[in-house]
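Quick mapping for you: the protein sequence lines, in order, are chains A and B. Start counting the first sequence at 0; every next residue gets the next number (numbering that gives the first Met the number 0). Start counting the second sequence at 0; every next residue gets the next number (numbering that gives the first Met the number 0).
Just to be clear, a hint being listed does not mean it is correct.
Not everything, but these chain B residues come out facing chain A in the computed CB check (under 7 Å) [unchecked claim]: (1) Leu93; (2) Pro268; (3) Gly269; (4) Leu290.
If we take Cβ atoms under 8 Å as the criterion, some of the chain A residues that face chain B in the derived model are [to be verified]: (5) Val143; (6) Gly269; (7) Pro270; (8) Arg289; (9) Leu290; (10) Gly336; (11) Leu366; (12) Arg370.
These aren't lab readings, by the way, just hints derived from the structure by calculation. Keep in mind the model is a prediction, meaning the values are calculated, not measured. Cβ coordinates follow ideal geometry from the N, Cα and C atoms, glycine included.
There are 2 protein chains.
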Amino acid sequence: MNADSFDPDERRLAWAYLSTVAQGASRSLSAAIEEEGVVAVAAAVRAGRAGAELSSRLSARAHLDTAAVDLERLHRAGGRLVTPDDDEWPAWQLLGFGMLDKATDAEAAPHALWVWGTRRLDEPVERAIGIVGTRAASGYGEHVTAEIAGDLALDGWTVVSGAAFGVDAAAHRAALAVGGTTVAVLACGVDRAYPAAHAKLLRAVSENGLVVSEYPPGTAPARYRFLARNRLVAALSSGTLVVEAGWRSGARNTATWARRLGRPVMAVPGPVTSASSQGCHRMIRENEARLVGSAHEVVDECGPLLAPDDRDAQVVGSLDGLSGDTALVYEALPAVGTVGPAELATSAGVAVDRVRAALPMLELEGLVVSRDGGWERA
Amino acid sequence: MNADSFDPDERRLAWAYLSTVAQGASRSLSAAIEEEGVVAVAAAVRAGRAGAELSSRLSARAHLDTAAVDLERLHRAGGRLVTPDDDEWPAWQLLGFGMLDKATDAEAAPHALWVWGTRRLDEPVERAIGIVGTRAASGYGEHVTAEIAGDLALDGWTVVSGAAFGVDAAAHRAALAVGGTTVAVLACGVDRAYPAAHAKLLRAVSENGLVVSEYPPGTAPARYRFLARNRLVAALSSGTLVVEAGWRSGARNTATWARRLGRPVMAVPGPVTSASSQGCHRMIRENEARLVGSAHEVVDECGPLLAPDDRDAQVVGSLDGLSGDTALVYEALPAVGTVGPAELATSAGVAVDRVRAALPMLELEGLVVSRDGGWERA
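Make the full structure from the sequences, and use the hints.
Shown next, in the form of structure tokens:
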């Protein structure tokens, strides 16, 4: 499509409408869409005919049907709405949300993603590292962020972050500086520059990568949206790196999301005398994050997150039914004790990225569990 | 004994003679002493009547019977030879050498220890932390060493180190500065100030703690003696802390010894841009050391290494025969997976120091194995 022929179809209008009404993810809305189709659900919500659970969640904004206007305005600004209907939908990256135990209604995959920029969404997030950290980064923290983000971007990795002050901005800037790709996930509409001081940075990100949000244009940032945003930084990355973080830190929230989604979490150490490294040290001590000091070590941990062969997706369902990588990885797990993906890759003869893809599927089947950063038979 | 009535008995003369002839530990010599007694073995070696294996190891120095002179000279200087005959012999600390798999002849407990200072040897090493690191410590490294060593010493822990430049010296000095106890283990005779610049420091250590060596007075330092010395730093400590270490580092050798002996190994992180922290980061990454940043975290890892109840030492030998702490600790181990001593302490209701004492005994019995810094049922 181009600016002259912009004409969203009924389904896209329905996704846009529901995204605006829901203002964030909802498992019950996803389930309804899965069952009845996005157009039917949108019509029902619009008409006040949705079930009680959905109505209580959505009725407050059900009258706000700004879908056509939002899509048109964003289109003119160089953005679009990406939905599960689109080829570029990062389905594999978001699959993990469906596997979560004890998830609240909002701890779900986004219904759709509003993006600013011309790149396809699925491509940059195929090999992507989330780099996050404190807004109050030290000179050391900014330096290390720039080194690692720049090296990763040079190596073809997309740098995903949240466009905040401190570590986030240093990560985006370093990727841009080497002509790399970077994705900024916002807690507000992609048309809102937040923080305002980063308006120019966000424009540069949109030109060399993508600015992404699950909130429709015009949405203002809010605390709960930052927490929801963090889960998307984690989901759209093969692994999450925390460069500097205080003892209590939003970056740790992102790291927790990465762990829940089965992605590697890494942290950079610093002087024990520095407050901005306390959160990183704590995560390393508690085995919540692996210590890394360079882009090379980050890549060692991560490998790109690729979708498994289709046949694997079809046959997992029982131990006998395992095949392909999944079977090889399962067979390579020792009877007792935990092993890491790298060790499994060696013993299974399967590339480490494919091992990383197989493990969450085995976990979904209840065949393996993650423990202390490694994996063991359930 | 005092200077006026110094008169070493036949056994002490035999230990001194064999220590001088062996110049380091020997499993075969220990076995011969165990079987025939120290006086008989000394007489046999002196007369060239020792078995072939011992003779090949000892004949080169068998004629050097300087025992009486060495003991007398060291006695006048304020030192003595501590042997397994003495109450103050740190038998429990050295027990681990007997449990090592695949140990070479020299990877054994020392036959005897030459000490300079008036303190009993067993007391300061009951609650002791080894603090080691690079000679080329950074300002940051020296600062952190001083903070942690000073806090530990104030808390009643003995600081054990090797009197080298850099981290070692900073550790000894910090302990002395707060009126604490410190033990220096040398790779040369305790009468040789090495490095020479530390002559004053070693004297201060001897006055407030002990200077210790397994080599007789007059022995010069040598590379293999530094490696042998490292094993004693590890053995005489409840845990070993590496503050700063380069990528290849003697401190890592000490840490390896601590791990072989079943003691906690800790490392302090620093800037990833600092060469003197690379070894620490590597050990943390490879799960060879736990990240710590304060004396409090060190004590959390260690707890004092105390001998188990005698009844425990007598009854371990079969699973049914376990009793006391040992049985409680074994029963607290989960059927699958590894746990750390602190967690075991909680679930077994046994103090963490006693858990740490019980685990090596259970390992000796083949009932538990250590893996990834934790313990699991064999």
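Query - Structure versus earlier hints, numbers of those that do not hold, lowest first - result: 1, 11
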